[in-house]
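Student: Combine both chains into one complex, guided by the hints.
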Amino acid sequence: MTLSAALLIAFIVIPLAGLFFHLAPADVAAALRTTAAQEALRLSIVTTFSALALTLLFGTPLAYVLARASFPGRYLVDAVVDLPIVVPPAVAGLALLLAFGRNGTFGPLLGALGIQLSFSTVAVIMAQTFVASPFYVRAARAGFAGVDRTLEAASASLGMGPLRTFALITVPLAAPALIGGAVLSWARALGEFGATIMFAGNLAGVSQTLPLAVYLNLESGNLPVAVVLSVILIIFSLIVVVTVHATAQRRPR
Amino acid sequence: MLRFDLRLELREFPFLAQGEVPNGVTVVEGPSGAGKTTLLRLIAGLIRPEEGRVTLNERALTDTAAGTFIPPDQRNVAILFQEYALFPHFDVAGNVGYGLRARNIPRAELDARVLRALQRFDIATLAHARVTELSGGQRQRVALARALVVEPAALLLDEPLAALDPATRDHVRGELAAVLRQVGVPTLFVSHDPADRELFPGPAFRVERGTLTQLL
Chain S
253 MTLSAALLIA FIVIPLAGLF FHLAPADVAA ALRTTAAQEA LRLSIVTTFS
303 ALALTLLFGT PLAYVLARAS FPGRYLVDAV VDLPIVVPPA VAGLALLLAF
353 GRNGTFGPLL GALGIQLSFS TVAVIMAQTF VASPFYVRAA RAGFAGVDRT
403 LEAASASLGM GPLRTFALIT VPLAAPALIG GAVLSWARAL GEFGATIMFA
453 GNLAGVSQTL PLAVYLNLES GNLPVAVVLS VILIIFSLIV VVTVHATAQR
503 RPR
Chain W
701 MLRFDLRLEL REFPFLAQGE VPNGVTVVEG PSGAGKTTLL RLIAGLIRPE
751 EGRVTLNERA LTDTAAGTFI PPDQRNVAIL FQEYALFPHF DVAGNVGYGL
801 RARNIPRAEL DARVLRALQR FDIATLAHAR VTELSGGQRQ RVALARALVV
851 EPAALLLDEP LAALDPATRD HVRGELAAVL RQVGVPTLFV SHDPADRELF
901 PGPAFRVERG TLTQLL
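Just so you know, the sequences run in chain order S and W.
Each residue of the first sequence is one higher than the last, beginning at 253 in my numbering.
Each residue of the second sequence is one higher than the last, beginning at 701 in my numbering.
Next up, chain W with everything else stripped away, as it sits in the complex (with noise of 0.2 Å):
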């Protein structure tokens, strides 16, 4: 269970959001610039809200009331972001061990557990393939295997469809429905498409001019 009660003044207006994502996917739809992307931020903690809480499974990642802010890279939540920010002076099997890197897990192990995740998103005939010759969709798989090769705690995405043709989306929505559905922790799928609540119909917020409120 991922539990926020969050306050940050953005430029034109507050940021309010108060919720519990259980296990499972939820989807996040507002307009763009209504906050979507602001709450994952501060859930992930790349920004720090001016004051408010973050749990995740019963552990404090941000407590402003008892000075808690536990940074980034020690939260163990991954984020899937729209244009997949994936790093282009590594190849797509660089990109998918980053996080075991970052974990110091043993080279042996590292590359068996790189080699499932590319089998696993039908991309290992391109573990050595620059990043930036794939195609949308195959970008869309190198980001999400680097970012559930790690097995987070949390996962983030935002409008990961978004950055994609519509021919590719529409196919690429089915095959990642699939794979979150098998993801077994607080997913929270930010989206302004209502064709992306269509496929998870449980529970949702919206988000409007930085208020969140929770959907039935």
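Bound conformation, chain S alone (with noise of 0.2 Å):
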């Protein structure tokens, strides 16, 4: 039993642990000074806070009601939501540019009022929401269902109305759900890899986030920058980790 365990944990430990003595002080300093380096960093913190806000602003609604609501076919629009969980990243990719590309069925509708998706760092806050919004809507639609209606009914025969109830009460009552849900939906977003290189290209500057760029620099014989820019991606990695932990030890009674 202990013997598989630790192997287990040596599995995941191990490799990313040797990452770390792969990592020469002097790469590191010229892997940053790169501007692929610098312009995929930015380009990956601009594209994930993009798909956090997207997601925060039309999965918080979503939840609530999902938590809250009972209507014909809430099941179904459920499974829905956690499609994107199961659905390989690449397929969705796939699916967007068919659906939103130059020559896919939203094409010609978006090349008339002259917008080009695909390719485009749009693409990129696209991909990553779709795959990475599951995370937040399913995290949030529990910390919901966990709020206490007879608090919201209280809150309503105490004068307060539905909107204020709601900021007032159930978010911050499910708050440690709503902000470890974020913190993994981000962390999913800044990994996403698959959607994105098949709808957004890897294209510096526009499309080439972090984990875009380890590809490429690998490909391109470069492996001190591929991994420099892996150890980036570990550190806020562990930091989700550790904040998804603590948030969800201090969830409230």
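Read the hints as simulated data drawn from the structure, not as lab findings.
Keep in mind it's a predicted model, so treat the numbers as computed, not measured.
One or more hints might be untrue.
What the hints assert, rightly or not - Derived list of chain S stretches under chain W, where covered just means 3 residues or more per stretch with a C-beta under 8 Å from a C-beta of chain W: (1) 403 to 410; (2) 418 to 430.
Stated by the list, open to error - Beyond 12 Å from chain W on every Cβ pair, some chain S residues (computed): (3) 255; (4) 298; (5) 394; (6) 457; (7) 493.
Glycine residues also receive a C-beta, built at the ideal position from the N, C-alpha and C atoms.
Tutor: Below, the structure is given as structure tokens:
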């Protein structure tokens, strides 16, 4: 038992920790000075936070409705929300391309409006939102469902309107779940690779986010840069894991 | 005067209630699951009847025939919930001042009214305590202060003593009765405990399997 458990832990830790041993201090400075690395870092920050903003804006009302309302087809909507978690990212990217690409379903319409989505930064944000939003919506749905409805009723009977009740009672009480879900969703967007490369391509400064830059640098034989960017991604991941665990433990009774 | 005439299909039986609640306490007794809480929720506007009317001092709060339904936050009907439903992320003062905040009362006046309410219920020393740290009796006083500080036009109490242990209950019952005798608005006091009925010998209703009858 203990041995097999230790083997799995070692299997996860050793390769990840090993990346740090491939890291030479001189490489770090050199890699971070390349415009490709700087642009990938900048692009990843801009796109992941844009995707997060979209996810919060549209995902929060959706999660609340799923937690509170009962309507025919609710289970279907639930399933649709979870779908991007299990759909392979490359398939998601192809689907986005065939829907919103130049020759896709909405291509002619978008083209007439002078909009070209595929192979743009907007496409990166769309791919990340598609793949990452379910992680937030799932967590938020569970968080909202855990808020005692009597508290919302008490707020209403004391004269607080629905929006202020949502802001003053529902959101603060669901906050640990909302924060945990948002952090997880952001991390998923940061690591997004498959859907992005299919729908947005791998263009420096436009769609080449950190994971795509790792891939490109490895392919072009520039291993030190690939390692440095990977280590940056691992550090972000560690911060995310610690945050998620910390917020989960502070969940109010 | 609070008047209601309501019909709602519940899962096991239809809920039918017609009655008048004058100023002062009217006890609503009956076994659990009979529909007592449903009556309170219908009056407060937390649920809608299939058919019927609720009027409070001649103002129609619900009138299905006329298509009137005032949402709960605009009824000025306060409820004391069975488990008190205190907001766990606010302190005692934050809970008591919540309804005044909803009415956009200026800060200085809000603080003064909250302080008066806390003093009236002898919980001023607990103003900044977390509500999760209070005893059952203290919670009940916070809930009562929170409901009364807004000067509601009607007060609904859902088994306000049921969440307390028996020893606390007898003590709090006397306290609560003294407070409620001073509340000059229509007050429905839901209880399945005959001891509560003895405290308020005025008008009373009985609810059984969804049907409300007036007791004399």
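Student: Where does the structure disagree with the numbered hints, that is, which hint numbers, in rising order?
Tutor: The structure breaks none of the hints.
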